[in-house]
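Protein sequences appear in the order of chains A and B.
Per this note's numbering, the first sequence runs over residues 1 to 262.
Per this note's numbering, the second sequence runs over residues 1 to 262.
No wet-lab data here; the hints were simulated from the structure.
Note that the structure is predicted; figures quoted are calculated from it, not measured.
It does not matter which identical chain is used: a pair holds within one copy or between any two.
Derived pair list, reagent style PhoX-like, types lysine-lysine, alpha-carbon separation capped at 25 Å:
id : residue 1 : residue 2
1  : Lys141    : Lys74
2  : Lys42     : Lys74
3  : Lys88     : Lys113
4  : Lys141    : Lys113
5  : Lys88     : Lys127
6  : Lys19     : Lys88
7  : Lys127    : Lys113
8  : Lys19     : Lys127
9  : Lys74     : Lys88
10 : Lys42     : Lys19
Number of protein chains: 2
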Amino acid sequence: MYFVYFLGTAGSGKSTMTKVFGEWLEDHEMSACRVNLDPAVKQLPYFAEVDVRRYVDYNELLESGLGPNGAMVKSVDLILQHATTLRKEIEECLSNYVLVDTPGQIELFAYRKVTLELLRELSGGDKSAIVYLIDSTILSKEENQLDPYAFASLAVLGASLKIRFRLPQVNVINKVDLLSMEQRFQLDAWLEDMRSIAYSVGGEEGTLTIRLIEAIEDSGGIGEMLVSSAVTEEGLDSLYAALQRSFYGGEDYATEEPSARL
Amino acid sequence: MYFVYFLGTAGSGKSTMTKVFGEWLEDHEMSACRVNLDPAVKQLPYFAEVDVRRYVDYNELLESGLGPNGAMVKSVDLILQHATTLRKEIEECLSNYVLVDTPGQIELFAYRKVTLELLRELSGGDKSAIVYLIDSTILSKEENQLDPYAFASLAVLGASLKIRFRLPQVNVINKVDLLSMEQRFQLDAWLEDMRSIAYSVGGEEGTLTIRLIEAIEDSGGIGEMLVSSAVTEEGLDSLYAALQRSFYGGEDYATEEPSARL
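Make the full structure from the sequences, and use the hints.
Here it is in structure tokens:
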């Protein structure tokens, strides 16, 4: 089993990606087990074979007197108590890929103290990777431009995640179907060489931005950076290939699974 | 008027800091206007002279059919529509300092697209600064150690905020009263020279961590990094001094306000 954790800010498309990437895998004769880790989500666009809402009741916490934010934080912290059960359910899926949809806001998963332990318990000894989704609509600026500071701040957030989880990571700029042709052209240039962002930034934060981008590039980076769209299905094959490279590092890697029940 | 925006992950102490720093200012014969920007918060430890809950009703959004996360995101996006009114209320405070308490999770404020515009509307032409609070309990590891990766990932998150807001920034490691003596000693060594963190990290993420820390240090940094505790009131005077330095940059700065009604 390979574990893929989808992370990203609210609206970056974690749930939709869980759905469409699961379908893509199944279309390619692999199997996917979809895990919902968001205790507060109301509706999901896919059927979650493993769903944390069976064990953690967000509304109960809300009724116990916590505010909505406190109840969310608490409900995520409570998942750890059910980690063994969740792991067992995941094993029963007998799937090639375990696609884990994380809570709506990135902070609830990335910077809670329990998360690293939860991730260890869920993944067991199986190979895991982070897929960090960037919502490309946050990058948009007026007049068909992209905002280099928005791009850089989200890339640096990706570096923070890489340090936090210390797992193979693939970075996906999602919803690119919502970008204009000019914006897409600019994005492709940045992805070709992130240092080219240096031409668009200035001032005190410009220096910081350039140095951080250089650090990300020179140190082997924070993993590959791809584009994708759930609507057009662009990039799903690249995501799969990048995950394979992540799981197998520099070694020869198997893009064809030897069996449908790895 | 000086605007101070308190940002940080849930539990980093934004609301408590708004309360105690406000009291500190008043004890030093300055005046503070406390602004609550969290539409979903249930109880505040201070009286908010300006409170966004008067204009945005989180529960109404929840009842309209949105999930709790969607309702939070939407409610923060709606604040922008009331920016002019909020600005007017803030002006009516006639205060030296405007202390802005932001929503519980950092993402709701930092990575929403509306936030930069909201901030411009609220602050008008007045000087503004970000105070980024780091919850020191996230840094704790067993056996009285600190986790260098947790520290680095939160410092890098601070760099992301600096790029996002492009405002003077002060970084505060909060709740240091909860650290052991050994942990405090380690923290002080890291703050003395962040590069010393290099001794504690290794592997692929180690290289990335060191390069990012160097980038932060060499580029003039992401602003000062202080320690504080709302319980012991440690660090409040340093925070005030750091804010003054932020507002006035390299110039001569006035630690004494010329009037109680700036």
